[in-house]
Amino acid sequence: MNQTNETGLDQVKFDSSNLYLEEVITDLRVGTIRRLTPLGADGNRDLGRPMMFFAQAQIMSQMGPLPVSGKIEATTLKEAIEKYPQAVQAGIEALMEEAREMQRQEASKIVMPGAEVTSKILGPR
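The sequence shown begins at 58 in the working numbering and counts up one residue at a time.
If you're looking for bench data, these hints aren't it; they were derived computationally from the structure. A virtual CB, placed ideally from N, CA and C, is assigned to each residue, including glycine. Take the hints with a grain of salt, since some may be wrong.
Using C-beta positions, here's what the derived DEER-type ranges look like [what the hints assert, rightly or not]:
(1) VAL69 <-> SER165: 33 to 43 angstroms
(2) LEU134 <-> SER73: 52 to 62 angstroms
(3) ARG102 <-> PHE71: 13 to 23 angstroms
(4) ARG157 <-> SER74: 53 to 63 angstroms
(5) GLU130 <-> GLU154: 54 to 64 angstroms
From just these sequences and the hints, can you work out the full model?
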(Lines of atoms letter the chains of each structure in order from A and count residues from 1; the text may use other names and numbers.)
(Lines give C-alpha, C1' and ligand atoms only; values in the text may rest on other atoms or scores of the structure.)
Protein backbone atom coordinates (compact mmCIF):
# COMPACT_ATOMS: atom_id res chain seq x y z
CA MET A 1 0.00 0.00 0.00
CA ASN A 2 1.45 3.39 -0.89
CA GLN A 3 1.81 6.25 1.58
CA THR A 4 -0.98 8.32 -0.03
CA ASN A 5 -3.54 5.59 0.63
CA GLU A 6 -2.28 5.04 4.19
CA THR A 7 -2.75 8.69 5.13
CA GLY A 8 -6.12 9.05 3.42
CA LEU A 9 -4.80 11.81 1.17
CA ASP A 10 -6.25 10.00 -1.84
CA GLN A 11 -9.66 11.14 -0.51
CA VAL A 12 -8.71 14.85 -0.51
CA LYS A 13 -10.47 16.67 -3.35
CA PHE A 14 -10.76 20.43 -3.76
CA ASP A 15 -14.43 21.37 -4.26
CA SER A 16 -14.38 23.52 -7.40
CA SER A 17 -18.11 24.26 -7.03
CA ASN A 18 -17.60 25.99 -3.66
CA LEU A 19 -14.78 28.45 -4.30
CA TYR A 20 -14.45 31.80 -2.51
CA LEU A 21 -11.98 34.64 -2.70
CA GLU A 22 -11.12 35.66 0.87
CA GLU A 23 -10.31 39.29 1.64
CA VAL A 24 -9.53 40.84 5.00
CA ILE A 25 -10.62 44.42 5.61
CA THR A 26 -9.37 46.21 8.72
CA ASP A 27 -9.53 49.63 10.31
CA LEU A 28 -6.21 48.87 12.10
CA ARG A 29 -7.94 49.64 15.40
CA VAL A 30 -10.97 47.55 16.32
CA GLY A 31 -10.82 44.39 14.26
CA THR A 32 -11.34 42.89 10.84
CA ILE A 33 -14.09 41.94 8.46
CA ARG A 34 -13.53 38.87 6.29
CA ARG A 35 -15.29 39.12 2.94
CA LEU A 36 -15.79 35.87 1.04
CA THR A 37 -16.64 36.42 -2.62
CA PRO A 38 -17.96 33.34 -4.47
CA LEU A 39 -16.01 32.33 -7.56
CA GLY A 40 -16.57 29.91 -10.40
CA ALA A 41 -13.87 27.39 -11.30
CA ASP A 42 -12.76 29.83 -14.02
CA GLY A 43 -11.91 32.43 -11.34
CA ASN A 44 -14.72 34.81 -12.26
CA ARG A 45 -17.28 36.09 -9.73
CA ASP A 46 -20.18 33.66 -9.30
CA LEU A 47 -23.20 35.98 -9.30
CA GLY A 48 -25.54 33.12 -8.36
CA ARG A 49 -24.17 33.00 -4.81
CA PRO A 50 -24.04 35.83 -2.26
CA MET A 51 -20.91 37.28 -0.68
CA MET A 52 -20.42 36.38 2.97
CA PHE A 53 -19.03 38.63 5.70
CA PHE A 54 -17.53 37.67 9.08
CA ALA A 55 -16.56 39.93 11.99
CA GLN A 56 -13.35 39.20 13.87
CA ALA A 57 -12.06 40.92 16.99
CA GLN A 58 -10.20 40.22 20.22
CA ILE A 59 -11.38 41.04 23.70
CA MET A 60 -9.19 41.04 26.77
CA SER A 61 -10.05 38.60 29.53
CA GLN A 62 -8.39 37.55 32.77
CA MET A 63 -6.79 34.71 30.80
CA GLY A 64 -5.52 37.01 28.02
CA PRO A 65 -6.91 37.94 24.62
CA LEU A 66 -9.91 35.95 23.38
CA PRO A 67 -10.75 35.78 19.68
CA VAL A 68 -14.36 36.68 18.89
CA SER A 69 -15.97 36.07 15.54
CA GLY A 70 -19.40 35.93 14.02
CA LYS A 71 -21.21 36.01 10.73
CA ILE A 72 -22.48 39.40 9.57
CA GLU A 73 -25.78 39.24 7.70
CA ALA A 74 -24.99 41.76 4.96
CA THR A 75 -24.90 42.05 1.19
CA THR A 76 -22.41 44.93 0.87
CA LEU A 77 -19.24 45.99 2.65
CA LYS A 78 -20.94 49.19 3.81
CA GLU A 79 -23.74 47.17 5.40
CA ALA A 80 -21.19 44.79 6.97
CA ILE A 81 -19.35 47.75 8.52
CA GLU A 82 -22.61 49.08 9.97
CA LYS A 83 -23.54 45.66 11.40
CA TYR A 84 -20.03 44.86 12.69
CA PRO A 85 -20.73 45.90 16.33
CA GLN A 86 -23.83 43.69 16.56
CA ALA A 87 -21.95 40.70 15.12
CA VAL A 88 -19.11 41.11 17.64
CA GLN A 89 -21.64 41.50 20.48
CA ALA A 90 -23.38 38.29 19.36
CA GLY A 91 -19.99 36.55 19.30
CA ILE A 92 -19.24 37.73 22.85
CA GLU A 93 -22.64 36.53 24.04
CA ALA A 94 -22.03 33.13 22.42
CA LEU A 95 -18.64 32.89 24.19
CA MET A 96 -20.23 33.81 27.53
CA GLU A 97 -22.97 31.21 27.06
CA GLU A 98 -20.36 28.58 26.18
CA ALA A 99 -18.39 29.47 29.33
CA ARG A 100 -21.56 29.22 31.45
CA GLU A 101 -22.34 25.82 29.94
CA MET A 102 -18.81 24.62 30.67
CA GLN A 103 -19.19 25.82 34.27
CA ARG A 104 -22.53 23.98 34.57
CA GLN A 105 -20.98 20.79 33.25
CA GLU A 106 -17.99 21.16 35.55
CA ALA A 107 -20.23 21.84 38.57
CA SER A 108 -22.37 18.80 37.84
CA LYS A 109 -19.42 16.40 38.04
CA ILE A 110 -19.21 14.32 41.17
CA VAL A 111 -16.37 15.53 43.37
CA MET A 112 -14.60 12.91 45.42
CA PRO A 113 -12.92 13.97 48.67
CA GLY A 114 -9.21 14.43 48.06
CA ALA A 115 -9.63 14.45 44.29
CA GLU A 116 -7.47 16.88 42.34
CA VAL A 117 -9.33 19.86 40.89
CA THR A 118 -8.56 20.07 37.16
CA SER A 119 -10.87 22.88 36.06
CA LYS A 120 -9.18 26.00 34.76
CA ILE A 121 -12.40 27.72 33.68
CA LEU A 122 -12.07 30.38 36.38
CA GLY A 123 -8.30 30.62 36.02
CA PRO A 124 -5.48 29.46 38.26
CA ARG A 125 -6.14 29.42 41.98
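Worksheet item: Is 52 to 62 angstroms right for how far apart the beta carbons of LEU134 and SER73 are?
Response: violated, 26 angstroms
Item to complete: May I ask you to test the hint 13 to 23 angstroms on the CB atoms belonging to ARG102 and PHE71?
Response: Holds: the Cβ-Cβ distance is about 19 angstroms, inside 13 to 23 angstroms.
Discussion item. Against the range 54 to 64 angstroms, how does the distance between the Cβ atoms of GLU130 and GLU154 compare: consistent or not?
Written reply: violated, 19 angstroms
Item to complete: Could you say whether the range 33 to 43 angstroms given as a hint is met by the Cβ separation of VAL69 and SER165?
Response: holds, 40 angstroms
Discussion item. Does the beta carbon distance between ARG157 and SER74 stay inside 53 to 63 angstroms, or does it fall outside?
Written reply: Given range 53 to 63 angstroms: violated, Cβ gap about 39 angstroms.
Hints 2, 4 and 5, counting from the list given before, are not met by this structure.
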